[in-house]
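Chains as they are written, first to last, in this note's numbering: chain A, 226 to 363; chain B, 226 to 363; chain C, 226 to 363; chain D, 226 to 363; chain E, 226 to 363; chain F, 226 to 363.
You may find that some hints are simply not true.
Note that the list lumps identical chains together, so a pair holds whenever it fits in one copy or between two copies.
Derived lysine-lysine pairs resembling BS3-like cross-links, with alpha carbons at most 30 Å apart [said to hold, decoys possible]:
| id | residue 1 | residue 2 |
| --- | --- | --- |
| 1 | Lys339 | Lys305 |
| 2 | Lys339 | Lys253 |
| 3 | Lys253 | Lys228 |
| 4 | Lys228 | Lys339 |
| 5 | Lys253 | Lys235 |
| 6 | Lys253 | Lys292 |
| 7 | Lys235 | Lys260 |
| 8 | Lys229 | Lys260 |
| 9 | Lys228 | Lys276 |
| 10 | Lys339 | Lys260 |
| 11 | Lys235 | Lys276 |
In short, the hints are calculated from the structure, not lab data.
Protein chains: 6
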Amino acid sequence: MNKKVSVYRKEHFCAAHRLNNPSWSEEKNYAVFGKCNNPNYHGHNYEVEVKVTGEPAADTGFVIDLKYLSDLINETVIEKLDHKNLNLDVPEFLDTNPTAENIAMVIYDILRSKIDERMNLQVRLYETPRNFVEYPAS
Amino acid sequence: MNKKVSVYRKEHFCAAHRLNNPSWSEEKNYAVFGKCNNPNYHGHNYEVEVKVTGEPAADTGFVIDLKYLSDLINETVIEKLDHKNLNLDVPEFLDTNPTAENIAMVIYDILRSKIDERMNLQVRLYETPRNFVEYPAS
Amino acid sequence: MNKKVSVYRKEHFCAAHRLNNPSWSEEKNYAVFGKCNNPNYHGHNYEVEVKVTGEPAADTGFVIDLKYLSDLINETVIEKLDHKNLNLDVPEFLDTNPTAENIAMVIYDILRSKIDERMNLQVRLYETPRNFVEYPAS
Amino acid sequence: MNKKVSVYRKEHFCAAHRLNNPSWSEEKNYAVFGKCNNPNYHGHNYEVEVKVTGEPAADTGFVIDLKYLSDLINETVIEKLDHKNLNLDVPEFLDTNPTAENIAMVIYDILRSKIDERMNLQVRLYETPRNFVEYPAS
Amino acid sequence: MNKKVSVYRKEHFCAAHRLNNPSWSEEKNYAVFGKCNNPNYHGHNYEVEVKVTGEPAADTGFVIDLKYLSDLINETVIEKLDHKNLNLDVPEFLDTNPTAENIAMVIYDILRSKIDERMNLQVRLYETPRNFVEYPAS
Amino acid sequence: MNKKVSVYRKEHFCAAHRLNNPSWSEEKNYAVFGKCNNPNYHGHNYEVEVKVTGEPAADTGFVIDLKYLSDLINETVIEKLDHKNLNLDVPEFLDTNPTAENIAMVIYDILRSKIDERMNLQVRLYETPRNFVEYPAS
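Could you build the full structure based on these sequences and the hints that come with them?
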């Protein structure tokens, strides 16, 4: 029988960004991205919710120690993104548009290599309390 | 490999309603629906969370522009339901009981025809922060 | 020295209402109250936050037992307003417009007579998470 | 076509607990569980979110009456866990470590036998707003 | 007798900023402002809570129409700050450090001249859900 | 003119406690404190909101650096209370009942001596999202 449990840990960071496609004209960028294209950037308080799914270990009752997961997210994701300009300070976004979708995929890729591959991983990223994304889709 | 991302947009409306089955007696309606059957209506602040799943476009990094999705929900759903009496003012509920389940299904049907059919759609409706529903079930 | 502490208890109810001044024409009511004037009503999930200020008793460490305060609010306020149409079902609003301001004042008057007069009382009422009022003003 | 809807009801309880594996030494327990191993216990405000999935009944528009579901959770789960020491007062945890994972599984087992087996059931348990679990995993 | 009521309206904007004192060296700025001094900026989702205190009008039951207050905040404050770089795009911060304290004072000054002087005004600004300020202090 | 601003920082801890007056009989303790008197303890996720009021410094724009305030609360309050049994592990409650009122007063006393006396200080403590206290009363 399925005894898998999902565990979630939520962390936060704040960052500046702008949405822009460098292969387009200024006019097209503004037409598509509107205020989010401001060349001087704007920013958000992002919330990252990381979901890890597996069977709890018999001796601990943990799928994964949430203190360990919290430390892992902080060391590999939050350190990299917090109080940063995503477009200028984060190599992954030098040629990738930092939409919520792309930020979630970057965070997933960072964490996937650090977490036991027998466990499923999913990342939910809140850009605001009313705009958020999830990768991979379930 | 699956590169699908889900994106979510949350909007709100407030409305009056009552739960009632017109083919039942008053007594049976009160027995089944209790306070929610008040003939003078009561009401809620509803939150609608719309989830759209697809692959982000290469040139924008968007599954769907959340500004566009927000405008679409406002024009087709919020305009129709906000500050309304669901039983009296909204044709879809003239002979359908406006339970959270049925309201979510009505909202889904409105939005389904407006969103690219290659994208999955799901609607979560909060009647209160402690009572909510999701359609279709995942 | 001031050893006064304020204690707060939050309760909720949902209700229908409309804003209307019966001494005005329909046109004027609509011009002033807009969508809130819908003759068929709309509704909200209200949150009531009651603040009581006094010195904690030496033997209990309580200003007022929050379980007692919760029961008092439920018996005198929530029973009266929950799942009701404020305009039609609640005598206090038969000739008083059920704005958030007026609802807060009605709740204050109900509770003031039940709570030791040496304690200060204040009521905050949330009509939505973004619209709320406080009476008396501090 | 799939006409299944998921409905959710959220309830809360507060409890004390400690994480401990009695077959380990004190040192090992402290090394694995850290502050959560405090022999004098610590505690949380837990939130339980219960999800029930099925087809709405034609005559009510309900998958399951949320008032009934709320009462059921309160009578079978909240009464048992609220204001308790999970390790000492709750038989299920006499030899099971009360991690969030295990608490969610215990709550699931209690509710599963009370809810129509044609309906799917899932339990999400918040230990804090930033640490939570879901069983069974979806 | 005091019949004053306070009414609150909450709006939001997102913006980039950095904390910096141009009369200091880079080293001193970094020592004082730490990560908030990033020359490439970072950003936040700000929430602005505006409190207006006065007596409700007899004919409306309103201290101030919250729809009007919402429009006023949007037209004078949100338009000016939303999706902007506070340091570069907003004249008030060209020589004022955009700390939460200073942003709240700027917002207060904008609104004070637009609201009837017999009414008290107070602004609360959330930079994050855990960091916020209020001006003037009560 | 008053240029004072209040700044707030919110931190959290979780702890076990019980309410009990050792000079009373078991029966009286149970009659007064009910479930909160459980001899095996229960617990909460507490949120501490610290408010400091003063004039922003001209060179920084800060009333007090919120990073400094956060560190101060963590080092002096959270370290002392987090993952503890308040009755057994915290000397201040060996003969003081750990009601929310008394916990807030203890936190205030710890912080008062560490913060410039020209600044006003107030502590709000959430025991649950619906039960909270503030000291000193304003």
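Out of the numbered hints, which ones does the structure contradict? none
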